[in-house]
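Engineer: Below are the chains, spelled out letter by letter.
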Amino acid sequence: MARAEKSRNGASNPGQAQETVVIDGHIIDSLILAKVLDTILMMGGAFDLREVKVGATREDPSRAKILVRASTTELLGAILQAIQPHGASVERQSDCRFEPAPADGVLPDGFYATTHLPSQVRLKGTWVEVEAIEMDVAIRVDSALTSARTVTMADAKRGDLIVTGRDGIRVLPLERPKERDVFSFMESQVSSERPHGHIIRDVAGRMRQLRDGGSGKTLFAGGPAIVHAGGREALTWMIDEGYVQVLFCGNALAAHDMEAALYGTSLGFGLCAGRLVPHGHEHHLRTINRIRGIGSIERAVKTGVITEGIMAACVRRNVKVVMAGTIRDDGPLPGVITDSMAAQSAMRAALPGVSLVLLVASTLHAVATGNLLPASVATVCVDVNPSVPTKLAVRGSFQAVGLVMDAASFLRELARELGWKG
Amino acid sequence: MSHILVCPPDYFDIEYEINPWMRVSNQVEVERAKSQWYELMRVLEQEVGALLERMQPVQGLPDMVFTANAGSVMGRRAVPSRFRHPERQREEAHFEAWFRSHGYEVTVLDKELYFEGAGDLLGFPDARFGGYRKRSEIRAYARLSEIFECEIIPVELVDSRFYHLDTCFCPLSGGELLYYPPAFDYYAQAAMADRVAPERRMVVPEFDALKFACNAVCVGKHVVLPAGCEATMQMLDARGYQPHPVPLSEFMKSGGSAKCLTLALD
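Each protein sequence line maps, in turn, to chains A and B.
Quick note on the numbering used here: the first sequence kicks off at 6 and runs consecutively.
Quick note on the numbering used here: the second sequence kicks off at 13 and runs consecutively.
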């Protein structure tokens, strides 16, 4: 049942009317397969050959499974009608199967594990969009069998209806974005030898468009190297100018940012002089202790204790900040979530509406954030170590554009592109 | 000896119109039709040396005379036709019964998997072709290739006057192909060219094609074809075949000729 598809946030997604057809028999030498594919293209549709089994001998039949795509449901219908006489029939479809979760936090055997591509499940004959898609989670359907949403293993409750097997589930290919920029290639080639300028220009273009158009949020996830290496002013300026709506970080970025505000050092190094100052290694501990005494970062900013820097800008601009702790944290700062699963949930809850993600100088936050993102979100991963963007791509976030570059240089160039005079 | 199934034209008539040749207003001259049919039988038996099996005609089934559409036979296996038009669907049971009573291993296709027998499935021992789009359905060939354990290359018919494969495509015993290419789409022509070498392809001119020159019966070096196809006869003669023209004008009123009136049984 072809129907116009809806994207994750419910907006119409052109080019997404699709149906899978199968064709059997002696379809290769007869040029029947070629004719069917030509017909799809000539009518303005597109196809993905999902499966072609060529008979081993002339007597053996062949079989092809073709995903037919068109810009509208009407065009799709016309194409299906035109190829049907040549033997291409709509694949027999069944509803998805599901089973109740056997216990809290346990999925039924054979549960379907998601990808981060837009996905649909078939419920009572209708294809339903899976809400809040992300990779490596399960799909829960409501008891009325009218909607479906991702659920993590930990959040599954006993009796939840969890999708199992592979029938009645389809994963939609990503549409190329309309914007003709670096993100439209949707590939994560990582190389320190690639020119950076145009990527940074494109990122700035997206950020400006999101801020001025108000059509989505920019998420920034970063590590403390931003402060150590000198990217703090540029990032602060971008937050102050309204280019960042969500910040993911750990204890360290916030601690060193506020250490800089209070002592002018980062991990004890004088940010201006570049020398280790006497007893400087204690500064971040004293910073954390001070904020713990005040009760929260927000109060520290509002009472004038912390007057400048990344965290101060976030409080002033009302940026949603999620700080996730790690095992080696000092303190931690108030607001750092030390339960990893709770941190994951908080990060997930901050994602709706995010359409651009900058992952800068943090392996942990880059991979963690990447895992939570739908493939449709434009993502750029910046690290001086090429293994970080590579790791992100290997973990499945193929849409992330990798940039091998020092965090401070990246942030300063990006901010200048946006109008920073620093 | 070549073994051929035929059905006497006792009830042959034009009672409906299911192809561009048929006009109810263009009535069959019954006596002439009968004499043409008996002449065809005489040529087949006496000049060609074929052995004829005669079916019992059935009143009210005027097209049963066209036994090419009884089904398809390979060795001892037979698949009776599934006609597209309801007018001819009533013939199916009679053809099926004949195959069964004569010891064939019969496989019946699903209802609505249209397939009109040897009218649409023809070829050489190493390359069989199945006409589709007008009468038979392409899906039938996937099933038939399973049943007969052979390759069947579907070819699309694009001209309604050539509504069955045997109206525009005639494989000869020496490996040559007598055919009328414009009756097929580009892909079918390319697929045929791939399987039948250029020197084996004999293109029938339009004038002869419209007289159903391709609706011919080939037994050894004998080719029985409708009268009036001079160019085709010359081509056959040049290739060492002996053409036997038979006047079959009454059957052309129904869109059939020599080949349509016969079914090769082996």
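Incorrect hints may appear among the rest.
[As the list claims (entries may be wrong)] Just some of the chain A residues that point at chain B, by a computed CB distance under 8 angstroms:
1) THR25
2) ALA137
3) GLU139
4) MET140
5) GLN214
[Said to hold, decoys possible] Between beta-carbon pairs, the in silico distance windows are:
6) A/SER148 to B/GLU99: 51 to 57 angstroms
7) B/GLU99 to A/THR120: 32 to 38 angstroms
8) A/ALA39 to B/GLU51: 44 to 50 angstroms
9) B/GLU51 to A/PRO90: 46 to 52 angstroms
Please keep in mind that the hints were generated in silico from the structure rather than gathered at the bench.
We put the CB at the ideal spot given by N, CA and C, even for glycine.
Engineer: All hints, please: hold or fail.
Structural biologist: Right, here's what the structure says about each hint:
1. THR25: Interface hint status for A/THR25: violated (17 angstroms vs cutoff 8 angstroms).
2. ALA137: Check failed: Cβ of A/ALA137 comes no nearer than 41 angstroms to chain B, outside 8 angstroms.
3. GLU139: 41 angstroms, violated
4. MET140: 38 angstroms, violated
5. GLN214: 47 angstroms, violated
6. A/SER148 to B/GLU99: 51 to 57 angstroms: Roughly 53 angstroms apart at Cβ, these two residues keep to the hinted range, so it holds.
7. B/GLU99 to A/THR120: 32 to 38 angstroms: Violated - the Cβ-Cβ distance for B/GLU99 and A/THR120, about 54 angstroms, lies outside 32 to 38 angstroms.
8. A/ALA39 to B/GLU51: 44 to 50 angstroms: Given about 45 angstroms between the Cβ atoms, the range holds.
9. B/GLU51 to A/PRO90: 46 to 52 angstroms: 39 angstroms, violated
Checked against the numbered hints above, the structure violates hints 1, 2, 3, 4, 5, 7, 9; every other hint is satisfied.
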